[in-house]
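There are 2 protein chains.
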Amino acid sequence: MKNKMKKIVMDKSNLIECHNRIKPYIHNTPVITSTQINNMTGAEIYFKCDNFQKMGAFKMRGATNAILQLPENKKRNGVVTHSSGNFGQALALAAKSIGVKAYIVMPSNAPEIKKIAVKGYGGELIECESNVESREATAQEIVKSKGATFIHPSNDNDVILGQGTACKELLEDYNFLEYVITPVGGGGLIAGSALAAKYFGQNCSVIGAEPSVVDDAYRSLKSGKIETNSTTKTIADGLNTQLGDKNFPIIQKEVHSIIRITEDEIIESMKIIWERLKIVCEPSCSPSLAAVLKNKKFFNKKKIGIIISGGNVDLNKLPF
Amino acid sequence: MKNKMKKIVMDKSNLIECHNRIKPYIHNTPVITSTQINNMTGAEIYFKCDNFQKMGAFKMRGATNAILQLPENKKRNGVVTHSSGNFGQALALAAKSIGVKAYIVMPSNAPEIKKIAVKGYGGELIECESNVESREATAQEIVKSKGATFIHPSNDNDVILGQGTACKELLEDYNFLEYVITPVGGGGLIAGSALAAKYFGQNCSVIGAEPSVVDDAYRSLKSGKIETNSTTKTIADGLNTQLGDKNFPIIQKEVHSIIRITEDEIIESMKIIWERLKIVCEPSCSPSLAAVLKNKKFFNKKKIGIIISGGNVDLNKLPF
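Chains S and W, in that order, give the protein sequences.
Heads up, this note's numbering is the position in the first sequence plus 61, with the first residue counted as 1.
Heads up, this note's numbering is the position in the second sequence plus 61, with the first residue counted as 1.
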């Protein structure tokens with residue numbers, strides 16, 4: 062029964078309905094190109110700029126869909142998540158836009174700027190200790206005490222569908238794309254993009270770009286089971302997360318391949334994006350361009366979409 | 062006779078013709094907004110993003126128009142300018158697009174990255190000593206030896222008209238703007254914008270934003286004659302230039318006022334633009350937002366256009 066439901070949620074019609082549902086709350090973000098980057102790579106690249114999305118990242122899409130899918134009685138009790146990154150801010154802003162209460166669990170040692178951002182978007186900040194057990198336990202406490210619904214940042218079918226709408230918009234405007242490349246962290250964006258490419262592309266393959274030092278998705282695809290990371294030391298902090306049982310089967314079935322990217326390659330391609338596209342993006346965005354730069358032969362003359370996932374960076378801590 | 066010609070060039074129809082002439086060579090750049098910046102300022106601001114212009118700055122507009130206005134026999138001998146900044150790159154790329162030779166005079170101690178950029182756009186780099194006399198003499202030598210036409214970066218009617226097309230595009234999309242704010246350097250952008258606001262705005266005033274340490278335009282408006290700067294020490298290096306006899310009369314007649322901005326205000330507003338708009342812009346762009354931030358009462362609830370003039374920054378030398 063559960064599996065059956067899961068299948069239905071991931072239909073083409075559900076992706077269309079999801080998109081229509083969230084449209085009033087999100088931007089259809091612009092797509093930009095650069096002759097210089099095309100010359101540099103030998104490919105034809107279309108950058109879908111979700112750094113210009115509300116609150117600065119694609120996470121706004123999935124967070125909005127997940128809240129809108131709740132029945133009214135659940136909406137009344139609010140939503141809760143644990144995230145010190147973009148999803149916490151996204152859930153806070155999405156909840157505020159929809160008129161729902163959001164509780165965001167964050168370690169007390171999280172950067173002050175991120176705490177301020179969550180509160181700025183109207184979220185109630187709940188501090189916890191800086192470990193997985195504490196943040197999960199704290200979130201569960203809110204679920205119990207407030208009746209709030211827990212929303213996972215990436216391993217949730219409604220979140221996955223929402224994240225897929227960036228790729229859907231991209232393919233609606235550029236239906237000739239042969240590849241779409243997304244970064245891989247928790248797996249929500251790439252799973253949603255793979256569904257969008259399947260339903261809205263014309264023979265369009267989705268490729269993941271993942272930091273080598275946290276390559277759980279690459280290894281999971283090889284082994285056929287969800288692998289974990291032994292380190293968290295990547296500059297692409299948004300990708301320092303784990304695949305889940307809801308997005309992994311989609312990735313297994315629908316994703317072409319995953320390309321691993323070194324830390325130096327991440328910084329180099331981030332600099333190229335800033336210099337050539339004149340946009341501010343997170344280190345977590347840049348593996349996708351790095352994947353093209355290190356596989357020029359494979360991507361030669363190919364028409365490629367790249368999802369720029371977010372633009373929330375600390376300008377005082379740039380790697381260049 | 063000369064004055065009569067000048068007058069004709071600055072007609073509304075000439076601005077329209079100029080825009081039509083350069084359209085195939087330039088981007089109609091996007092306009093973006095930020096709820097957060099609007100909340101912060103109390104105004105309603107529309108940012109016209111010429112950092113996304115070809116070669117990364119509005120200078121592409123004026124350079125293109127100046128070359129296209131040359132008769133065929135002059136085009137054959139090429140164009141020459143002295144500029145270590147965006148205008149040199151703009152003239153090189155515009156010339157290349159049109160199929161004309163460009164000679165760019167630059168001090169031999171100019172940053173290597175700027176020399177490479179000019180050559181990358183197909184310009185012939187002519188090095189000179191690092192002083193005004195040497196660069197002017199070197200440019201004049203090229204005029205004599207090659208028959209090339211000298212094009213001034215800002216004090217040229219065709220350049221002024223071309224620069225005005227950014228504001229024209231902005232007002233065509235947002236005709237309700239009450240103010241347009243531009244940075245003031247050599248005076249080409251603000252003079253062109255003032256003409257565009259006069260011809261295409263509905264009671265729209267143009268205000269200049271100028272670094273306090275190089276406030277020649279502010280002082281020139283006060284004294285009624287062209288003043289000079291005694292220092293060049295502004296982080297907004299693109300604004301470290303001098304008004305000229307062609308743009309000053311337009312500025313005198315058509316510009317509402319000039320607001321002076323401190324170096325700290327330039328850096329602070331640059332950071333706000335990067336963080337909130339998620340775009341890479343030059344320090345020379347940010348005085349315009351700073352002008353609003355320091356005059357919140359005056360600009361309260363006003364609908365304001367701000368021209369983001371360029372995005373060519375050295376990421377290794379950021380002020381934050």
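Derived by calculation from the structure, the hints in this document are not laboratory data.
Careful: at least some of the hints might be erroneous.
Stated by the list, open to error - Okay, the calculated bits of chain S under chain W, using three or more residues with CB under 8 angstroms as the criterion:
#	stretch
1	111 to 124
2	133 to 142
3	339 to 352
Even glycine gets a Cβ: it sits at the ideal position worked out from N, Cα and C.
Checklist entry - Going through the earlier hints one by one, which of them does the structure break, listed in rising order? => result 2
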